[in-house]
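Visitor: The lines below spell out each chain.
Protein chains: 2
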Amino acid sequence: MNTLQTKPYVIGLDLGGTNSVFGIVDQRGEIKATTAIKTQGFDKVEDYVEAAVTALTPIIEEVGGIELIKAMGIGAPNGNYYKGTIECAPNISWGKGITPLADLFSEKLGIPVALTNDANAAAIGEMTYGVARGMKNFIVLTLGTGVGSGIVVNGQLIYGCDGFAGELGHVIMDYENGRLCGCGRHGCLETYCSATGVARTAREFLTNSDEPSLLRDMNSQDITSYDVSMAAAKGDALALRVYQFTGEMLGKACADFATFISPEAFIFFGGLTKAGDLLMNPIKESYEKYVMPIYKGKAKFLISALDGSSAAVLGASAIGWEV
Amino acid sequence: MNTLQTKPYVIGLDLGGTNSVFGIVDQRGEIKATTAIKTQGFDKVEDYVEAAVTALTPIIEEVGGIELIKAMGIGAPNGNYYKGTIECAPNISWGKGITPLADLFSEKLGIPVALTNDANAAAIGEMTYGVARGMKNFIVLTLGTGVGSGIVVNGQLIYGCDGFAGELGHVIMDYENGRLCGCGRHGCLETYCSATGVARTAREFLTNSDEPSLLRDMNSQDITSYDVSMAAAKGDALALRVYQFTGEMLGKACADFATFISPEAFIFFGGLTKAGDLLMNPIKESYEKYVMPIYKGKAKFLISALDGSSAAVLGASAIGWEV
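Those protein sequence lines, which keep their order, are chains E and W. With the first sequence counted from 1, adding 5 to any position gets you our numbering. With the second sequence counted from 1, adding 5 to any position gets you our numbering.
So that you can see chain E by itself, here it is in the shape it has in the complex (with noise of 0.2 Å):
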């Protein structure tokens, strides 16, 4: 009998700024027992430490308790991998200085514990349970509030030196009139390609241009990518060229992200890829465009295969099995 035989589930813990999502995984992604609480309201960690184990103890229980789970992996903001730490995260209560959250859970729960960011868990999440699967050389973009990205390399993640390796949201596309990002800088590819940056990327077409568009019944500051999606999808022209224009974007820069690692694939994840086609034939056409020959048709483009309400959960389980 082997450690997977006996051991036969994983913890996932999707920690976002609202929600902290919990799921308990077997080895082919199938999300056995879930449960959540809110992130926010603790004044210390171990508060939410706290409150976690309290709403995982009943799902533990149900699926025959701590013996068969073989350890537990943190999808979360500024997670460091090297250190199972949280570091600096501007949007948590209780995570704003250097927070040793892996070894407070494992601790409690007497199992290994591993933590990386969301984008890093989704990398590992598609290469055990979805689209990556034998892939050894490949990029996740995460496109969402902002845009992330897990690298893996020879089938392994990328960390650096410091844990915090894959930052491809912030590589410059603009060093001349490039936006401003969160980071402080300007012209990141994450101001361009995000759901903000589409919703920003409308707002600055309707400002210069006169072009007639169904987002001009809107408040312009209320405008969202979910608008220009739903007006993109009724055919209007001007929603269509803010998601040729983000594509393009997208294109140009997976084209310099091939000199790195020539992937075998790219593969994207969130919200904005609900806009199928509209989006990925423009980062197909840029990329083709842009790309060094000897590049040329060898990488795949790939959506996310998993299911988009859990795929966070998964992401963060599949760490644990790297434990």
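Honestly, the hints are just simulated from the structure, not real lab data. Take these hints with a grain of salt, some might be off.
If chains are identical, the list can't say which one is meant, so a pair holds when it fits in one copy or spans any two.
Calculated pairs, SDA-like style, for lysine to any residue (alpha carbon to alpha carbon, straight line, at most 20 Å) [claimed, not checked]:
#1 Lys43 with Ser315
#2 Lys141 with Asp167
#3 Lys141 with Asn159
#4 Lys141 with Gln161
#5 Lys75 with Thr11
#6 Lys294 with Cys188
#7 Lys101 with Leu243
#8 Lys75 with Pro117
#9 Lys279 with Val68
#10 Lys239 with Asn224
Following the hints, put chain W in place on chain E, whose structure we already have.
Guide: Same frame as chain E, now just chain W:
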């Protein structure tokens, strides 16, 4: 007695466009014997290998015979590590197709042979004998006729899905008015930051201003990076600005590279590094200015410590230890 003691040497081959230089190297990076042949003038690769083995035979005997040699490592243009082939090397008379060079040498010599491109060889060389000893995450940038790169992550060189990863000389730095690159595209890093790029920048600066410069004494088309460095050493303001521009561009590029692997160090290799602080200071200043806050102050900027004339042979030989 372990293998390293019974087989204390490797052969390194630096296969350049003009000369092929061989060295027999020990574990500490000392070259015990050396020889060379012309790379060109052979119609068939078999004739090239024949000539190479004829030149090698006496130096192999000199160190005690083939029994003492563990393997051979080759650094070559368009070298594919996975296949041991040179693929479509436009400047080598016998290398225009897909040439199984590693296999041919292995058959003739009766030892394992590994092959990669010269920048990857330089990276392994730095890790084995040079300034990257003990490092697990670093980038070597070779600043010669072109700009090459070797990227090491988790202590392993990145080869990517096809053996051609690590072409950082071909990230695009300017999408609008980029210089034409040998790869057929525009704006690649190599068009600015190679030796030829430095000469192009000097010519541009001379054309676009009336500023006095020692370089105006020369025929503009004859200016090389060496002339620019000589003028800069004499305090020529225009030549100094050329290095400032080159270093700033490299610093910007390295700031983007940090988002990939968060390296412990950037290591610069090749002719342009002779400019020393003239180049390195603007690289560091520009890097710290443009890099994402979480990476600030972390990466070292180093110049290769491998002896210039033998560095390429040492780099190639280092691949032999990895076989």
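Visitor: Does each hint hold? Answer for all of them.
Guide: Okay, the hints, checked on the actual structure:
1. Taking the shortest Cα distances, lysine 43 and serine 315 sit within 20 Å of each other inside one copy (17 Å), while across copies they are farther apart (61 Å).
2. Taking the closest pair of Cα atoms, lysine 141 and aspartate 167 come within 20 Å of each other only across two copies (11 Å); inside a single copy the shortest separation is 22 Å, beyond that limit.
3. For a Cα distance limit of 20 Å, the shortest separation of lysine 141 from asparagine 159 qualifies both inside one copy, at 5 Å, and across copies, at 14 Å.
4. Taking the closest pair of Cα atoms, lysine 141 and glutamine 161 come within 20 Å of each other both inside a single copy (7 Å) and across two copies (13 Å).
5. Taking CA atoms no more than 20 Å apart as the test, lysine 75 paired with threonine 11 passes inside one copy only; the shortest distance there is 9 Å, against 44 Å between copies.
6. Proximity of lysine 294 to cysteine 188 under the C-alpha cut-off of 20 Å is restricted to the inter-copy arrangement: shortest distance 13 Å between copies versus 30 Å within a copy.
7. Within a single copy, lysine 101 and leucine 243 get their C-alpha atoms no closer than 41 Å, and across copies no closer than 48 Å, so neither meets the 20 Å cut-off.
8. For a Cα distance limit of 20 Å, the shortest separation of lysine 75 from proline 117 inside one copy, 7 Å, qualifies, whereas the shortest one across copies, 42 Å, does not.
9. For a Cα distance limit of 20 Å, the shortest separation of lysine 279 from valine 68 qualifies neither inside one copy, at 33 Å, nor across copies, at 65 Å.
10. In this homomeric assembly, lysine 239 and asparagine 224 come within 20 Å of each other (Cα to Cα) only inside a single copy, at 19 Å, whereas the closest approach across copies is 62 Å.
Hint compliance for this structure: hints 7, 9 are broken, all remaining hints hold.
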